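Just need the whole structure built from these sequences, with the hints factored in.
Protein chains in written order, with this note's numbering: chain W, 1 to 160; chain P, 1001 to 1697.
In case anyone wonders, no lab produced these hints; they're calculated from the structure.
As the structure is a computational prediction, the values presented were derived from the model and not from experiment.
All C-beta atoms, glycine included, are put in the ideal place defined by N, C-alpha and C.
Treat the hints with caution; some may be incorrect.
[Unchecked claim] Listed next, the in silico DSS-like pairs over lysine-lysine satisfying Cα-Cα at most 30 Å (straight line):
1) K1680(P) with K1549(P)
2) K11(W) with K1201(P)
3) K5(W) with K1235(P)
4) K1165(P) with K1130(P)
5) K1188(P) with K156(W)
6) K1201(P) with K153(W)
7) K5(W) with K1241(P)
8) K5(W) with K1201(P)
9) K5(W) with K1130(P)
[What the hints assert, rightly or not] To spell it out: a stretch of chain P is covered by chain W in this simulated footprint if at least three of its residues, at any positions, have a beta carbon under 8 Å from a beta carbon of chain W; those stretches are:
10) 1325-1336
11) 1626-1636
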Amino acid sequence: MAAIKFTLNDKSQTVDVVPQTPLLWVLRDTLGMTGTKFGCGMQLCGACTVHIDGQPRRSCGTPVSSVAGKNVRTIEGLSVDGVSHPVQRGWLEADVPQCGYCQSGQIMTAAALIAKSTNPTDADIDEAMRGNLCRCGTYQSIRRAVHLAAQYKAGKGGAA
Amino acid sequence: MNRRGFFKVGAGAAGGLLIGIYLPEKSRLAADIASPSKLNTYVHIGSDDTITFTIVKSEMGQGTLTSLSQILAEELDCEWKNIKTEIPSPEPQFGMMGAFGSLSVRTTYNTLRQAGAGARAMLIQAAAQKWGVDASQCRTEKGAVVNTATNASLRYGSLADAAAKLPAPKGAALKDPKSFKLIGTSVKRIDTPDKISGRAKFGIDTRIDGMLYAVLARCPVFGGKVAAFDATKAKAVPGVKQVVQISNGVAVLADNTWNAMEGRKALQIQWDEGPNATQTSAKIRQTFMDLTAKPGAVARKVGDADQALAEAAKKIEAVYEAPFLSHSPMEPMNCTAQVRADSCEVWAPTQIQTAAQQTAMAITKLPAGKIIIHTTFLGGGFGRRGGADFVAEAVEISKAAGVPVKLTWSREDDMQHDLYRPASYAKFAGGVDANGNLTAFTCRVASQPFAGLNNGVDRNAVDGIANLGYGSGIPNILVDNHPTETGIPCTYWRSVGYSHNTFFTESFIDELANAAGKDPVEFRRTLLAKNPRMLGVLNLAAEKAGWGKPLPTGHYHGIGLTDNIGSFNAQVAEVSVTNGKLKVHKVTCAIDCGVVVNPAIVEQQVQSGIVFGLGPVLRQAITIERGRVMQANFNNYDPLRIDEMPVVEVHIVPSMANPGGIGEATTPNISPAIANAVFKATGKRIRHLPIRQQDLV
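Laid out in structure tokens, this is it:
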């Protein structure tokens, strides 16, 4: 056990756990932040995606010791009300989720995409999102939602 | 009131108007159909105008919370935003409580309309009494009763207590569908805000006081048992609190999931692998082949197929095969249980609450009334969560350990201890006469049953074959079946028998069209002359896809139809095969599912069903060696990813027919649509799923 300190959703956080514990389980079990999902444990499905220093990362394969001193953002910290980030607005408008289980990871990956790409094409979206599995098949809606998100981020697309 | 619309009224525990409704079930799963005098869902109208709708159908992505609420709210004329939904613990009056078989809208549509209309009539009556006017002088609008003479209005919430004292109405008038404001509209899903913010609680998110996190080591061979185990090293792993044996393996309980998984790695277990230890996919296939050399139990017989085949101008034969498949929902199996001496609580992402409750009863020996089932959101179901194996494990662990536990399955646990879609092997023969008319159709299926036999026939094994949609157009048919046990646990998988049988039949019909020298769509049209809804979707899909018109160079069309779960759909797939690489560019789907409650949800489900069927076309298969599953995670059982997602275009046939199902509608026929398109591209018939590399070169 060791005390590990990092920034989580803009607040300082210290946890005292086995250092190699994946960040995923620290978030879900130690801190009770269950928005980040367990899907495969092998960085194959993307359900556990969070941002580490702004980059999309698989928390299931990230030892918590490796985020010491870093900025971690989860779905709970993407917007204050949970629905107003441009990506969340795009998701709302396209009414993307079905079962919803993969959606936190999808949204975190999409948020990282539109942070660096102002007007992604379908090919850009497929490239960025192909690591995020959805068994319900929301892919077509995801493409639409990411396009909408890019518009919202650019200040277009109404007041939704 | 007729039997289907029976309901009772009264006051809720905290005031307001409470209406109980009987939602009928009709399914082979619902063996214990509730009597019409039993009520199995409730609507409560509170004094604060909140409409609390108790829904007995789990939400697993298929949109039940939204669509069932739409049906109720349409007739009730309430404010959409005031609807709250709850899923109750099973009670005896609910009968069989579960969401399966694409039944949720089909079995509740009429009753929910009647319940909404009845409640609305009572609220009108209560307002009329307050105003001292005749009910005919009142109308409703947005959750209020309006006095048409004075324009005064009373909110439903202010009328609920008075309405609760009124007798149940004797058959309230339903709205004219032409005046629908909610049914038939793409209302946004109720569950979306919670599912984009991380707030939605799935089973795996359950946290209760004092809970330990558990994982279970199971025998890798189906049917195997623990012979002996040593927990010394596991107990030395940091955070591990307990190790307990249950009927299905050895559980490690820890202060978090990771530590429990680490503890499991350190367990030393000797397994008694049992009689399945030498089972393989190759052996199962050989068994199927041997069985189909001889006649099986007859599932369908029309005319004399043998004689018609002997007399046919052209006879063709083909063998089709499909493998075991895993459901692999994104949320791995899990369950939280707290067993006390006199009660038991279960938190589960379950499709069938009654099965969960009965399972907990058998383990705890407690009566049903002492077992509460809390239903969470389901991170996918697809038939997998109709099982209660994961509930049994959690209840057993909590009982053995004496603490509340959350049992989490790893992805490997989930994939290697699934209840699988059965493998199937089907031998077809067909004959056409000199004019290219189909005169004989035979099929012999060998597969594994999982839900019993009827006159020696496993209905799931022959669904979509014995009741082939073209049946009325074929004079001689013989379908027979060899059910056989393989030792591999199987269950319902989205669209069940149709998931493989429609691949078989629609591919073979294409072969017959080719043998007859006819266009595949034209050939089907002839067979469907007496089946107007199938013919309708065939024609619509062909028209919208531009069947027979020029395509981009190297692109080819294939078609596949199905009529399952009370719905009808045709899909035209546009594919290319370049240097052995198959790409699915577009799928045009025409669907007739009767009255549509929410077109956007129908469109979602059409896409969803197609994506679910696409993975097994391209690469997904479960194979067995040494009695165990060879696939373990998404690297070797890789579902469809976004960069492979075709454009799916959905055309809904306007219809006033009773609602059909939608959740399982489109999974069966994407595979033949693609296989038939590949045949056009390569000249090679695909008779085996998934498509193999050698099929494409």
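Sort out which numbered hints this structure fails and list those numbers smallest first. Of the numbered hints given earlier, the structure breaks just one, which is hint 9.
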